[in-house]
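In order, the protein sequence lines correspond to chains S and V. Be aware that the first sequence starts at 1, since it is given in UniProt numbering, and climbs by one per residue. Be aware that the second sequence starts at 1, since it is given in UniProt numbering, and climbs by one per residue.
Read the hints as simulated data drawn from the structure, not as lab findings. These numbers were taken from a predicted model, which means no experiment stands behind them. Among these hints, one or two may not hold up.
[To be verified] SDA-like mimics (lysine to any residue), calculated; alpha carbons at most 20 Å apart, straight line: (1) S/K253 / V/R91; (2) V/K26 / V/L86; (3) V/K109 / V/R84; (4) V/K104 / S/L160; (5) S/K150 / V/Y234; (6) V/K109 / S/R171; (7) S/K252 / V/T128; (8) S/K248 / V/R91; (9) S/K248 / V/R228; (10) S/K187 / S/L160; (11) S/K187 / S/E153; (12) V/K248 / V/G223; (13) S/K252 / V/W90; (14) S/K96 / S/D146; (15) V/K26 / V/V61; (16) S/K150 / S/L160; (17) S/K252 / V/T92.
[Unchecked claim] Partial list, derived from the structure: chain V residues whose beta carbon lies under 10 Å from chain S: (18) T45; (19) K48; (20) Q77; (21) L147.
Ideal Cβ placement from N, Cα and C applies to all residues, glycine included.
Letter by letter, the chains look like this.
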Amino acid sequence: MTTVFYRRLLREYSPAILLVLLILAVWETVSRLGQIPPFILPAPTAIWSALMEERGLLFGVHMPATLLEVLTGFALSVFCGSLLGTGMHLFRPLAKALYPLLIISQTIPLVALSPLFIMWFGYTLWSKVAVVFLTAFFPVVVGTYDGLGKNTEQYRELLLTLGANRWQILRKAAVPLALPSFFSGLKLSVVYCVIGATIGEWLGGSRGLGYFSRRMAGNLQSAEMFAAVVLLSALGITLFLCIATLEKLFLKKRGRYS
Amino acid sequence: MINIANLSYSFGAASRAPVFSGISMKVRRGEFISVVGASGCGKSTLFKIIAGLLEPGSGEVSLHGQPPNSASERLGQVGYMPQRDLLLPWRTVLDNCLLPWELKRSGSKEEAVIQIRSMLQQFGLGDTGSAYPHELSGGMRQRVAVLRTIAAGNELLLLDEPFGALDAITKRELHRWLLELWSGLDKTVLFITHDLEEALLLSDRIYLMTGGAGGGMQEFITGLPRPRHHSQNYEPQFVALRQDLELKLYDNRLL
């Protein structure tokens, strides 16, 4: 049973793993030849040893700081985003009024706007959370709103003929039908959260992996910078996998994942 | 049971050509009535009006001999089953069938569960109560959908091509199933189909529907005695009826 599982896993992911190993090998070789200075392109092994050297600071201080920003921003995005998406689904005028604004909010370059956040919230957690929220709530709203409206018309009619009211239609059919789309939104959102937190820390602050990577880049300590970037990426992947697992648990009964 | 007088409907502005007009029909208690007509003549729209999902352009619908009422008042009074089974994929068969009870909350849950379980038995679905819809065959899902429609407790059932998406063998199986079940059900059924044999085999009367401005309903009485048998369609009387029906459709330019 388990051997079959591992064999399947191997077959599924071995091409990707092989490619990554190949890239790392070429990268290491090029760096060791000494043609490229380490502050331009540090070797993978140098990045690894930087990661080990700074692990106390990285895992003890900066990672928790970034994680707190990400999780706070994500929670806020999910709460406000699903509320807004549901509200827009229930009240057509609200959707018509808000949809254009939502799209405009996504076309504003956040980096340009963030000095304003610093002025409003100072160098606190909340200036970063604001950036995270603005990047991450959009996929949640769209996922919720589209999910509630899609494929639900026939179910809505059926429930109406069974004597259901609006609230019952939402609870018994529309919300469960919206879950796949909602989770797609969450998966996008959680990845955006990490990016948002990094941008937020770049703009000002004293803690976090984004802050650390920027400071190291300023010092030409590229290996340390890369170490922080690797951790940021790992953080994004882990959070994404968490949501994907949650999704599987929720949608398991429908037979799509059996 | 239901009386429909001079019904018409058009999409959008009333000035546009109507989907159908001049539709009148009368259905008595306990009858099985089929509605046959070309695609797009408005059969499904007619059903939606009767179920209360759409308001007709003009004309009247009255249920149970009461004065004619508006569409929204009919919601919840007429059982309606669309072509797709529309079972909720995250609910077991039992929970799907409990949906009508959940929405109305009449009586205790235990009673409802007991009732559904005995219906599942009666419908030949006895051991599927805890299965999920994706674990069932197409024919079984359709049976569950019929059961759910009946479990809503309305006397009048509108079935919109319930067997339309099934393969020929499964369809025959369900005809046999429905004929065996029919006498014990004590329901009144309006049934949309494109299958003439199906219409003749199952119904007491058939309405031929013509859409558009000058259309209307034409009645065709099958006159086959009940109880019926699923292989009756090979008897000469049945074949003659079928020929009659086809001729009539041809005369009405429906075929």
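Results for each hint:
At roughly 8 Å between alpha-carbon atoms, S/K253 and V/R91 fall within 20 Å of each other, so this suggested pair holds. A hinted pair counts as satisfied when its Cα atoms are at most 20 Å apart, and V/K26 with V/L86 does not qualify at roughly 29 Å. About 27 Å separates the Cα atoms of V/K109 and V/R84, which puts this hinted pair outside 20 Å; it is violated. Restraint check for V/K104 and S/L160: satisfied, since their Cα atoms lie roughly 12 Å apart, inside the 20 Å limit.
For the hint linking S/K150 to V/Y234, the alpha-carbon distance of about 45 Å lies beyond 20 Å, and the restraint is violated. For the hint pairing V/K109 with S/R171, the CA-to-CA distance comes to about 19 Å; that is within 20 Å, so the pair holds. Among the hinted pairs, S/K252 with V/T128 is consistent with the structure: their alpha-carbon atoms are about 19 Å apart, no more than 20 Å. Our distance criterion of 20 Å between C-alpha atoms is met by S/K248 and V/R91, whose separation comes to about 16 Å.
For the hint linking S/K248 to V/R228, the alpha-carbon distance of about 48 Å lies beyond 20 Å, and the restraint is violated. The hinted pair formed by S/K187 and S/L160 fails the criterion: a straight-line CA distance of about 33 Å is larger than 20 Å. Restraint check for S/K187 and S/E153: not satisfied, since their Cα atoms lie roughly 26 Å apart, outside the 20 Å limit. Of the pairs offered as hints, the one joining V/K248 and V/G223 holds, with about 16 Å between alpha carbons and a cut-off of 20 Å not exceeded.
Proposed proximity of S/K252 and V/W90 is supported: the alpha carbons are some 9 Å apart, at most 20 Å. Taking the CA atoms of S/K96 and S/D146, the gap is about 14 Å. The hint holds against a cut of 20 Å. Taking the CA atoms of V/K26 and V/V61, the gap is about 10 Å. The hint holds against a cut of 20 Å. Of the pairs offered as hints, the one joining S/K150 and S/L160 holds, with about 17 Å between alpha carbons and a cut-off of 20 Å not exceeded.
Taking the CA atoms of S/K252 and V/T92, the gap is about 13 Å. The hint holds against a cut of 20 Å. The interface hint given for V/T45 is broken, as the beta carbon of that residue sits about 12 Å from the closest beta carbon of chain S, more than 10 Å. With a least beta-carbon distance of about 7 Å to chain S, the hint placing V/K48 at the interface is held under the 10 Å criterion. A hinted interface residue such as V/Q77 counts as satisfied when its beta carbon comes closer than 10 Å to some beta carbon of chain S; here the least separation is about 8 Å, so the hint holds.
With 10 Å as the threshold, the beta carbon of V/L147 stays out of range of chain S, its nearest partner Cβ sitting at about 13 Å, so the hint is violated.
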